[in-house]
Amino acid sequence: MEYTDVVMENFTCPKHVGEIEGANGVGQVGSPACGDIMKIFLKINDDGIIEDASFKTFGCGAAVASSSMATDMIIGKSIEEAGKFKNSDVVDALGGLPAEKIHCSVLAAEAIQAAIEDYQKNKA
Amino acid sequence: MEYTDVVMENFTCPKHVGEIEGANGVGQVGSPACGDIMKIFLKINDDGIIEDASFKTFGCGAAVASSSMATDMIIGKSIEEAGKFKNSDVVDALGGLPAEKIHCSVLAAEAIQAAIEDYQKNKA
Amino acid sequence: MRRIYLDHAATTPVDPAVVETMLPFFTEHFGNPSSVYTEGRGVKKSIEAARLQIAKAINADPREIYFTGSGSEADNWAIKGIAMKNQAKGKHIITTTIEHHAVLHTCEYLEKQGFEVTYLPVDENGLISLDDLRNAIRTDTILVTIMFANNEIGTVEPIKEIGEIVKEKGIIFHTDAVQALGNIPVDVKDLNVDLLSISAHKIYGPKGIGALFIRKGVPIDNLIHGGAQERKKRAGTENTAEIVAFGKAAEMATEQLEENATHMKKLRDLLIKGVMDNIPQVRLNGHPEKRLPGNANFCFDYIEGESILLSLDIIGVAGSSGSACTSGSLDPSHVLLAIGLPAGVAHGSLRLTIGKHTTVEDINYVVDNLIQIIERLRKMSPINAD
Amino acid sequence: MRRIYLDHAATTPVDPAVVETMLPFFTEHFGNPSSVYTEGRGVKKSIEAARLQIAKAINADPREIYFTGSGSEADNWAIKGIAMKNQAKGKHIITTTIEHHAVLHTCEYLEKQGFEVTYLPVDENGLISLDDLRNAIRTDTILVTIMFANNEIGTVEPIKEIGEIVKEKGIIFHTDAVQALGNIPVDVKDLNVDLLSISAHKIYGPKGIGALFIRKGVPIDNLIHGGAQERKKRAGTENTAEIVAFGKAAEMATEQLEENATHMKKLRDLLIKGVMDNIPQVRLNGHPEKRLPGNANFCFDYIEGESILLSLDIIGVAGSSGSACTSGSLDPSHVLLAIGLPAGVAHGSLRLTIGKHTTVEDINYVVDNLIQIIERLRKMSPINAD
Ligand SMILES: Cc1ncc(COP(=O)(O)O)c(C=O)c1O
Ligand SMILES: Cc1ncc(COP(=O)(O)O)c(C=O)c1O
Ligand code: FES
Ligand code: FES
Chain C
1 MEYTDVVMEN FTCPKHVGEI EGANGVGQVG SPACGDIMKI FLKINDDGII
51 EDASFKTFGC GAAVASSSMA TDMIIGKSIE EAGKFKNSDV VDALGGLPAE
101 KIHCSVLAAE AIQAAIEDYQ KNKA
Chain X
1 MEYTDVVMEN FTCPKHVGEI EGANGVGQVG SPACGDIMKI FLKINDDGII
51 EDASFKTFGC GAAVASSSMA TDMIIGKSIE EAGKFKNSDV VDALGGLPAE
101 KIHCSVLAAE AIQAAIEDYQ KNKA
Chain W
1 MRRIYLDHAA TTPVDPAVVE TMLPFFTEHF GNPSSVYTEG RGVKKSIEAA
51 RLQIAKAINA DPREIYFTGS GSEADNWAIK GIAMKNQAKG KHIITTTIEH
101 HAVLHTCEYL EKQGFEVTYL PVDENGLISL DDLRNAIRTD TILVTIMFAN
151 NEIGTVEPIK EIGEIVKEKG IIFHTDAVQA LGNIPVDVKD LNVDLLSISA
201 HKIYGPKGIG ALFIRKGVPI DNLIHGGAQE RKKRAGTENT AEIVAFGKAA
251 EMATEQLEEN ATHMKKLRDL LIKGVMDNIP QVRLNGHPEK RLPGNANFCF
301 DYIEGESILL SLDIIGVAGS SGSACTSGSL DPSHVLLAIG LPAGVAHGSL
351 RLTIGKHTTV EDINYVVDNL IQIIERLRKM SPINAD
Chain A
1 MRRIYLDHAA TTPVDPAVVE TMLPFFTEHF GNPSSVYTEG RGVKKSIEAA
51 RLQIAKAINA DPREIYFTGS GSEADNWAIK GIAMKNQAKG KHIITTTIEH
101 HAVLHTCEYL EKQGFEVTYL PVDENGLISL DDLRNAIRTD TILVTIMFAN
151 NEIGTVEPIK EIGEIVKEKG IIFHTDAVQA LGNIPVDVKD LNVDLLSISA
201 HKIYGPKGIG ALFIRKGVPI DNLIHGGAQE RKKRAGTENT AEIVAFGKAA
251 EMATEQLEEN ATHMKKLRDL LIKGVMDNIP QVRLNGHPEK RLPGNANFCF
301 DYIEGESILL SLDIIGVAGS SGSACTSGSL DPSHVLLAIG LPAGVAHGSL
351 RLTIGKHTTV EDINYVVDNL IQIIERLRKM SPINAD
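Protein chains in written order, with the numbering used here: chain C, 1 to 124; chain X, 1 to 124; chain W, 1 to 386; chain A, 1 to 386.
Chain C extracted, bound-state conformation:
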């Protein structure tokens, strides 16, 4: 197992940990049985811009780092842009992940999509 420095940094001092008060889009994926759950909180303003994002993660180092990096990357983006967000964007930003840890970045991308869907459902 070989993590890049960026992964370790994001694991050791993750950004955006916790629950945002007044989040209007929340998505959760994974299950404890599989050893990973990722929950993403979004605060989206009326212009459809993601003003703030945060996460809670039960998972390995790569999962924590992916959550930290992913939330950091989507803050300030429109929900259209964020909707196109892919797991490979996280992997690239982290400087790569070990092959068996790619799925942890997939979780992050999926959790974001789930949170956006939740926001859209709430709005509708």
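Hints are computed from structural coordinates only; laboratory data are not their basis.
Per label pair, the in silico range of CB-to-CB distance: (1) C/Glu81 / A/Glu164: 52 to 62 Å; (2) C/Met8 / A/Lys56: 22 to 32 Å; (3) C/Glu51 / W/Pro280: 33 to 43 Å; (4) W/Glu289 / C/Glu51: 55 to 65 Å; (5) C/Thr4 / W/Pro342: 27 to 37 Å.
From a predicted model like this one, the values you see are computed outputs, not experimental measurements.
By construction, the Cβ of each residue, glycine as well, lies at the ideal position given by its N, Cα and C atoms.
Following the hints, complete the assembly by docking chains X, W and A with the ligands onto the known chain C.
Okay, now just chains X, W and A with the ligands, sitting in the frame of chain C:
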């Protein structure tokens, strides 16, 4: 493979190598295909005493050492005594032989018996 | 930064005295031990001396010790060798659900080749039941293989009692004692075992050298065929340096057994108490008493093992989650599942295994930091109760 | 007394530079490479670096290199692994009569398990015939295993041509290159081989570590089941120190290949000329040209091999008779019988194998003394012609 010092001594400087002129008992056992031939020459006087003995051996270190030791041991003995000569006598005198080399000492004992029989046949 | 190594069940550093013993065999006494000449003969003697040291460590005859390239090879050889040789008598094997993968995957492979395997369950402490064993034995059972001490949770199985049951039925009995050697007494005469696997790198010897004890007369096929080494039972030019090192390590382990075990047990209990008293929602895995002197294995609810390991690593502590061989795979430990933990909980396991050089300060440092690490990770967890 | 070591085909001393590389892995970088923490991660990198060194030495991809506990294990794995995995397609294997015992005895074992094996004969120089090979191939042939260079007589087989024939038929091809590596170029891309065995202790690396090259996609069963090491193909905690040493030794062997081969060839020819010109009734075994640069193998009529060895040992020279693995057994070498020598003559063989440190003085000393030794032993022989 572990030879005792006595074996190595008898291999390096074997006693009684060669053919005795006027030998009246000659015995040969073994075959080149098996990797061992031992030929023993005896000179037996009218009182039935082995006055001299010698050998020629195609074989391993243990075979050479056994030949050397065996011939040395039977010189001066009567053919009755020599007839009772056993391979374990050689092994003991050599301070032991590796298990897979015991048969080389058997060759020596057999060659002596063959030489004695040859003598008795010649006499009869 | 000072490093605290608490993963002695995964592997141990080679003792400097053991390294010392080994060195001359690389450059000076490098001869092939099968050779007739001087360079080979001395080496042969050294190998036989090491064989005697190993034999003494487990109370066997040196002619019952066969060197292998690892504990895994010893396990594979024991199981496949017995199975192949004795298949005319039957094709049923009994083992447990908590064996090391070297045993489990070998059994699974044999299942593909037409053998039948019964995997005995264990209770919540990791112990098998002797009644289960008795009930599992069939007329076509040719081998029982049950580990001496578990590498993850440290539980020590009742090998002597198992041996008695198995012997009575005339079945061959193998035990994987890789984790037992150097930690608890191992006596093949007392234990009624026919085959027993050990590995040097768990007892301050080098990696890549193990041994299989095969009781005289036990019918077994070779696993590695070829040259006449190891009395024609295990081919390959002898790994002289590591064999000699294994001998020395086994000798030291035997001499220091009591002292080391007492020391490790003291620290283990300190560690367990420190964790259980200071961290909520934690459980100790493995048997409370029948466990290896150096083994502590915890499950922390709501968090995942690798995160704990990485956090510990950052502060200089090396531990493990599940067995070292499982990392790289993402499944929770089969041993933790076997003792009945739900997968979610099993993912949050931490194994800390103490060695002969571990100190009280090490343990205190680990406990203090672990309290904070667990708290921090739980704050990050979406399934934290509060 | 000064010792002259001329048994490099049996084993080589570990190069001091190789020992140097290995040392830190016993005490300092001792971590289990499968671990998450710092101690393990660095070690993992070192293993992968060694894998790359090995891959480069034989022009393979590093992901095609699997470390084993010896050359013998690599041979056993290749043959049994292919046989077991592909038995549904057929149960016929082709090999030769002059293989190392690690191949021969494995094939014999498979015969007992219901496989059929064709043993190709060789000519008086030890070469197989490509026509014989073509004729031996059947629709149920699943594996051809033919050694690259023979360990006793040094004959180098036409592996590339064999590879072409075998490939055309879509059969899997394994070669035992244990004696080839470091002595002649080994290039798996050029050679059309699917599997190739090597061993560190023949190239100034330590004993107890080998490797099997497995071309990507070749279907093979494991020999040693267990943990996920070696990409789940070969279980057992990695022998880190010796793996790193093997890598270094392979790198050095590749760099020095031409230089060493030229040097050895020069001394070998000097030795052969010295013996053939000065000793009557002697024959050179093996191919006159297609032979390993360091190998000289003679038969002296009327005398037995061990006697020559002991006599040489006394004057400080280490040689061998047959392969080292055969001593201890009393049969004449199967290789010498296969090239058509009568058993009586085969018993009188002497193999002297030159290494990179051998000197002209060494060779002159050996030739001078050998003349006397042979004379002395022949005087003792009952079947001497004169
Ligand atoms: C041709 C050949 N194959 C296989 C082997 C076996 O290698 P190892 O001694 O590493 O098991 C040897 C040497 O012993 C050899 O010369
Ligand atoms: C219980 C048990 N069996 C077998 C093994 C395998 O030993 P090795 O790593 O020497 O192959 C280990 C350790 O890895 C172990 O803990
Ligand atoms: S969260 Fe499952 S392995 Fe990363
Ligand atoms: S003469 Fe045959 S081994 Fe000694």
